[in-house]
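Asker: Each protein sequence line maps, in turn, to chains F and Y. If you read the first sequence in the numbering used here, its first letter stands for residue 1, the second for the next number, and so on. If you read the second sequence in the numbering used here, its first letter stands for residue 1, the second for the next number, and so on.
You may find that some hints are simply not true.
Identical chains share a label here; the pair holds if one copy fits it or two copies do between them.
Derived EDC-like pairs: lysine to aspartate or glutamate, alpha-carbon spacing no greater than 20 Å straight-line [claimed, not checked]: (1) Lys10 with Asp267; (2) Lys31 with Asp400; (3) Lys164 with Glu392; (4) Lys407 with Glu216; (5) Lys161 with Glu355; (6) Lys407 with Glu363; (7) Lys164 with Glu358; (8) Lys135 with Glu24; (9) Lys161 with Asp94; (10) Lys168 with Glu358; (11) Lys364 with Asp400; (12) Lys31 with Glu53.
In case anyone wonders, no lab produced these hints; they're calculated from the structure.
2 protein chains.
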Amino acid sequence: MTTILSRRSKFVGTAIQEEEGLAEELSRNGKTIIKLNRGDPAAYFPTPSYIIEPYIKALQARKTSYSRAQGIPELQMAVSERYKRRYGINVNGDNVIVTSGLAEAISFINGAVVNAGEYAILFRPYYVQYLSALKTNGGLPVFADYQEKANWSVDVDALEKAIKLAKKRHACIKYLLITNPNNPTGTVLSRKTLEEIARVANKNNIFLISDEIYDEIVFGGASFTSLSQVAGGQPYAVLNGASKTFDATGFRLGYVIIPGRDRGSVDLRKKLVDYARVRLSANTPAEYAFAVALRNEREHSKAIKNMVSKIERIVDTAMKMLAKNPYLETVRPNSAFYIFPRIRLDLLDLRDDSEFVEKLLREKYVQTTRGSGFGAPSHFRIVALAPKDVTEEAIRRINDFCDAHAK
Amino acid sequence: MTTILSRRSKFVGTAIQEEEGLAEELSRNGKTIIKLNRGDPAAYFPTPSYIIEPYIKALQARKTSYSRAQGIPELQMAVSERYKRRYGINVNGDNVIVTSGLAEAISFINGAVVNAGEYAILFRPYYVQYLSALKTNGGLPVFADYQEKANWSVDVDALEKAIKLAKKRHACIKYLLITNPNNPTGTVLSRKTLEEIARVANKNNIFLISDEIYDEIVFGGASFTSLSQVAGGQPYAVLNGASKTFDATGFRLGYVIIPGRDRGSVDLRKKLVDYARVRLSANTPAEYAFAVALRNEREHSKAIKNMVSKIERIVDTAMKMLAKNPYLETVRPNSAFYIFPRIRLDLLDLRDDSEFVEKLLREKYVQTTRGSGFGAPSHFRIVALAPKDVTEEAIRRINDFCDAHAK
């Protein structure tokens with residue numbers, strides 16, 4: 001054989017960690033890297049006790065065998081209650097499928113629905129894994145971009161045109177995916193926009209997927225609507241998990257909700273249980289911990305309020321300093337913990353966002369992610385989670401770096 | 001669209017849990033099911049303290065952020081030390097890739113290497129996921145059967161013939177996979193057989209994969225050889241993890257070792273890191289726990305000795321009772337915790353192993369797995385982990401069931 005690797009495997013990879021080798025090398029040479037590349041709140045905000053304590057209890061009680069493949073019933077019910085309480089919608093426990101992180105859910109869904117040559121609608125910029133999972137399964141993207149100049153909102157007319165064009169080419173569109181709040185832009189879609197997206201998907205009979213992993217990390221003034229609140233009887237899936245809003249990235253717990261009674265929803269739900277069974281179960285004690293934490297609304301709401309207000313201050317600090325940088329143009333994020341500046345490459349002696357990110361790491365020891373990895377060239381992503389002084393130091397270095405590379 | 005599901009998804013599923021719906025229904029109706037279908041030691045033997053305590057410590061120390069995608073260096077090193085200590089071989093920490101259970105490793109490897117229309121050599125009976133993962137990626141099996149009449153050993157001449165035949169058809173054979181100790185047969189390959197398999201693979205330039213997850217669960221008299229001890233400079237991967245020998249199934253921790261310096265090994269290792277990065281990391285506190293436990297040879301060797309001797313007694317009990325059943329023919333297992341009887345369908349009023357397993361559950365409330373799910377029709381798999389009295393009761397019911405269905 002010429003190569004051991006499959007053709008599909010070339011689509012597997014992530015821009016978020018592609019500088020990891022260089023960063024480890026620089027570390028070994030005594031450099032201290034400021035890592036602003038991974039959206040990992042638990043690296044900065046200690047995971048709160050109300051989810052750690054039940055985890056420890058589950059371990060002490062030796063809840064350490066395989067659990068139920070699709071999730072323990074306690075966790076399915078706790079998720080169901082959350083959606084009732086928070087969004088006023090009814091979801092059966094059976095309609096919740098627990099996964100080893102949201103990444104596993106994305107991988108299962110793409111494997112379960114995409115045939116080679118079929119399409120999915122992705123908005124650019126997208127989270128890196130979406131395109132990788134789609135293409136790995138032979139799928140092709142129809143891109144419908146977020147409008148940077150209008151705070152990264154969705155132009156619904158442009159979306160409709162893209163669908164019409166794809167249909168003219170007899171493309172089979174398997175799903176339309178949104179990330180709301182968005183990674184990497186850190187912006188929330190308005191309720192009206194969501195309603196229009198749902199209407200368009202409905203009219204065209206397209207399965208809707210909404211990744212809402214940052215649904216509780218929304219800053220003052222902005223307001224979040226879940227797809228589950230506007231989807232009217234149409235088939236859809238909502239993705240969420242423990243990683244971000246429960247500050248527990250290392251637990252690896254995600255979930256998929258598919259509430260529909262239509263044929264597509266029923267089939268997909270059943271098939272995702274098959275996928276779950278093949279890999280046996282998610283981490284068992286973590287499932288018990290998450291079930292308890294989801295029901296501890298009092299402690300959770302204290303913790304999340306505290307974390308969000310701190311994140312908002314970090315974002316403010318960074319934004320204030322970035323505003324003074326004439327080489328970057330940045331839409332103010334109102335959610336999550338990402339900042340996604342546009343690089344004025346016309347004013348710099350740098351070729352593209354890849355060179356920007358690599359040289360920023362080599363010269364200033366600040367690790368970020370190139371925007372082209374999210375389908376948005378000439379941008380780069382900053383994770384705004386590090387303490388104020390570290391973030392200040394990082395942005396100072398970014399500003400110095402731009403100055404040094406001015407044409 | 002006619003169906004939301006992809007064509008590949010029809011290969012996703014596992015015989016081991018296909019009766020789960022029926023079992024849950026019977027439970028709801030007040031029946032007590034004896035579940036002998038999941039190979040889950042932690043459901044019967046409490047996970048030992050030497051791996052629980054460091055897990056709790058990691059949680060208390062808030063080691064709960066994403067970890068390093070391919071595994072924390074401490075765990076990579078602990079695995080490397082285990083192979084030096086146990087098998088006398090040198091494996092760099094970098095050659096170890098940590099996965100969320102061995103199931104994830106199987107899924108990654110098949111995705112990384114198999115193109116549609118390419119082949120892999122599997123021995124029948126195989127663990128259910130192998131064929132599922134191969135076919136899901138468009139791959140096709142070349143079967144080379146274990147010889148039931150010779151204690152499920154390998155006929156190396158037959159293997160060579162199968163390879164020759166496949167090559168004549170210009171088939172591209174991507175890997176040859178063995179499970180040793182075997183699931184579902186519970187038998188170990190001799191060192192001589194392993195050496196011959198390695199020789200054949202080498203001669204034909206075929207990548208070798210050995211799933212050795214049961215490597216420490218071997219009964220008195222039998223002896224286990226790791227592929228790593230006989231592979232002479234040829235590209236290979238060994239799969240293992242915490243689930244069985246560390247009695248920690250619910251932690252979801254597996255690992256792949258690929259020690260080769262050849263091009264194929266280097267490429268595959270690198271690509272598996274890409275796969276790992278896309279899903280961010282395995283469960284972080286569990287990784288710290290496993291790293292500590294792997295180095296605690298004193299406590300581990302006590303615990304595993306104790307567990308293996310208990311499992312051997314359960315197997316003995318079951319075998320003694322099965323020997324009296326004229327409708328079953330059972331090769332005595334010498335490892336793992338599976339018993340895989342052949343069903344004398346010629347003497348029973350049952351059509352096949354599927355009907356046998358379903359009716360056994362419906363009529364006697366004993367849940368087992370049909371052999372056809374492992375590529376061996378007319379067999380069924382019993383998990384020998386339940387306490388002596390439960391196992392006795394289960395085998396009594398199995399024997400009664402056969403008597404009731406005698407022609």
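Asker: Run every hint past the structure and note whether it holds.
Answerer: Status of each hint after checking the structure:
1. Lys10 with Asp267: between (30 Å within a copy, 11 Å between copies)
2. Lys31 with Asp400: This pair counts as within: shortest intra-copy Cα distance 18 Å, inter-copy 71 Å.
3. Lys164 with Glu392: neither (46 Å within a copy, 65 Å between copies)
4. Lys407 with Glu216: neither (42 Å within a copy, 64 Å between copies)
5. Lys161 with Glu355: Close neither inside one copy (34 Å) nor across copies (54 Å); limit 20 Å.
6. Lys407 with Glu363: within (17 Å within a copy, 82 Å between copies)
7. Lys164 with Glu358: For Lys164 and Glu358, the Cα distance exceeds 20 Å both inside one copy (39 Å) and across copies (49 Å).
8. Lys135 with Glu24: Result: close neither inside a copy nor across copies, 29 Å intra and 37 Å inter.
9. Lys161 with Asp94: neither (37 Å within a copy, 49 Å between copies)
10. Lys168 with Glu358: neither (41 Å within a copy, 49 Å between copies)
11. Lys364 with Asp400: Within one copy, since 9 Å is at most 20 Å while 75 Å is not.
12. Lys31 with Glu53: neither (36 Å within a copy, 34 Å between copies)
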